[in-house]
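Q: Residue-level listing of the chains:
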Amino acid sequence: MTFSPSELDKLAALACLDISREERERLGGELARILDFVRQLENGATDEVEPLTHPLELSQPLRADVVAEPVDRERYQRDAPRTESGYYLVPRVIE
Amino acid sequence: MKPGVHALLEVARNHPGRVARYYRERIDAFNDRLNAFITVLDPPPRAEAPKADPGVLAGLPIAHKDIFVTRDVRTTCGSRMLEGFVPPYDATVVERLADAGCVLLGKTNMDEFAMGSSNETSYFGPVRNPWDLERVPGGSSGGSAAAVAAGLVPVATGTDTGGSIRQPAALCGVTGLKPTYGRVSRYGMIAFASSLDQAGILARSAEDAAWVLRAMAGHDGRDSTSADRPVPDYVAQLAEGIRGLRIGILEDCFDTGLDPEVGARIRDALRVMERLGARLCEIRLPHLALSVPAYYVLAPAECSSNLARYDGVRFGHRAEGVQDLATLYRRSRSEGFGTEVKRRILIGTYVLSHGYYDAYYLQAQRVRRLIREDFIQALSTVDLLAGPTTPTPAFRLGEKTEDPLTMYLNDIYTIGVNLAGLPALSIPAGFVRGLPIGLHLIGGDFNEGLMLAAAQAFQGATEWHTLAPPGFEASGP
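So the sequence lines, in the order shown, correspond to chains B and G.
First residue of the first sequence? That's 1 in the working numbering, and the numbers climb one at a time after it.
First residue of the second sequence? That's 96 in the working numbering, and the numbers climb one at a time after it.
Since the hints were derived computationally from the structure, they do not count as laboratory data.
Don't take every hint at face value.
[As the list claims (entries may be wrong)] Calculated cross-link-like contacts (lysine to aspartate or glutamate; reagent style DMTMM-like; alpha-carbon spacing at most 25 Å):
| # | chain 1 | residue 1 | chain 2 | residue 2 |
| --- | --- | --- | --- | --- |
| 1 | G | K495 | B | E22 |
| 2 | B | K10 | G | D406 |
| 3 | B | K10 | G | D498 |
| 4 | G | K495 | B | D36 |
| 5 | G | K146 | G | E190 |
Make the full structure from the sequences, and use the hints.
A: Set out below in structure tokens:
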């Protein structure tokens with residue numbers, strides 16, 4: 001298989017990544033080789049096989065609806081690149 | 096020979112502070128050569144009054160892989176994305192080992208977001224193998240493996256998504272344990288592929304690993320996938336030995352791609368187990384050959400979803416001088432992630448996208464079931480499975496960085512275990528061309544105790560695990 005530059009751009013847009021012109025050629029070849037490699041999966045006889053999503057097949061437990069830990073916004077926001085008055089700052093989204 | 100956990104606890108009890116100081120000084124003396132640590136910490140000054148219950152591992156130095164979040168201690172996951180991240184809480188593993196009395200001496204280097212098999216994808220530079228500084232230590236828990244091998248810490252934590260504890264353990268000549276999926280809490284362990292990730296241990300011996308596992312395993316209400324079942328006394332179970340155990344040799348692993356000298360050493364190790372009273376037989380797993388392709392659909396798929404959280408807004412790297420939100424996300428992620436991480440996010444995005452989901456993702460999940468069923472079937476006839484941990488000993492730095500697929504195939508013997516969720520460990524089993532190699536043991540669900548007892552019996556009859564790399568010999572505190 002191959003990746004055209006426009007297919008690669010579409011994939012990068014879905015993944016929210018920029019791909020530079022230099023990266024594009026190498027990455028296109030690598031992704032194609034990896035996907036060709038995983039196509040061996042077609043050799044598995046899986047007609048009657050249910051997909052296994054998780055090794056333990058647990059059910060999701062419920063817990064009581066009680067306060068477990070306080071929300072320390074000031075501490076959490078110390079790791080944020082930009083905040084103001086308790087809000088996270090992003091570039092303007094409304095004109 | 097370096098002392099084990101049991102002996103170190105004795106010294107720590109009689110001479111408070113001495114053990115931690117000894118290892119801290121070794122880190123200072125040797126880390127420049129190895130680059131095994133991203134962050135080095137000073138042991139806390141001795142408490143005024145000793146705690147009422149100092150814990151079963153009181154005074155035992157430990158290093159955590161830099162994938163476990165540590166409260167107020169920078170946690171990078173080997174990535175530029177988290178270069179300045181100082182978490183507000185401790186991972187459950189960190190908390191439990193601190194409660195048991197462990198002294199944290201640092202955070203170890205790793206492949207970026209645990210994606211890699213050589214430690215060369217770390218933003219903080221590659222770790223070097225103490226047995227040959229021109230070779231890789233394996234990955235992704237390469238810093239933890241190198242640190243234990245060189246005697247910079249007696250034990251360290253690691254994580255294993257496709258072999259990331261066992262492969263570096265094999266290449267550095269230490270004992271590496273990946274518990275059953277769900278045995279150890281994943282809370283506070285930075286996510287890569289959530290249905291495969293599991294925390295474990297790098298140590299000198301199976302006995303040392305048993306001491307640490309007993310303290311870190313168990314149910315955690317903050318991880319809905321942690322198993323709610325009692326934690327056995329793994330240390331007491333060590334005495335159960337290997338006599339009478341049925342061990343199935345994974346013959347598929349000897350067929351192709353295996354360095355013949357590695358194969359010969361593994362056969363020698365299996366003969367030792369037989370002499371100790373184990374009964375050997377041959378096992379074939381028909382779908383094992385599909386484990387690498389299944390993994391390279393499922394792990395990237397889960398990674399592309401897990402790593403969507405890095406947006407440059409709430410924490411992590413943020414691009415400068417950007418005028419709109421979409422560009423902020425894209426630029427922050429493109430600057431923050433390295434090449435291998437981007438490659439896997441793109442693969443994951445592709446296999447989950449409309450039109451390909453059934454052919455790749457669902458098909459890989461179906462194959463995953465076939466692989467698990469192969470293992471469960473085999474483990475209904477034997478107690479343990481055994482084979483080589485890796486196809487070759489440690490390779491040279493740079494040798495496999497050009498071709499991702501060649502690098503991926505390095506985990507060919509370990510990946511199936513993660514897909515199946517089973518516990519496994521790698522123990523030192525000899526040397527090939529002066530480099531250590533590992534024997535891989537695989538157990539049934541939650542059968543860590545049996546596996547550790549077999550490994551302990553093997554280590555009682557061999558001395559591979561006691562050897563130190565030249566230049567890193569240590570007498571102990």
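Q: Decide, hint by hint, whether the structure agrees.
A: Going through the hints against the structure:
1. Between G/K495 and B/E22 the CA atoms are separated by roughly 21 Å; this keeps the pair inside 25 Å, and the hint holds.
2. Proximity of B/K10 to G/D406 is assessed by CA-CA distance (about 19 Å); at most 25 Å being required, the pair is judged to hold.
3. Simply put, B/K10 and G/D498 have alpha-carbon atoms about 24 Å apart, close enough for the 25 Å limit, and the pair holds.
4. Restraint check for G/K495 and B/D36: the C-alpha separation of about 19 Å stays at or below 25 Å, so the hint holds.
5. A distance of roughly 16 Å separates the Cα atoms of G/K146 and G/E190; the hinted pair therefore holds under the 25 Å criterion.
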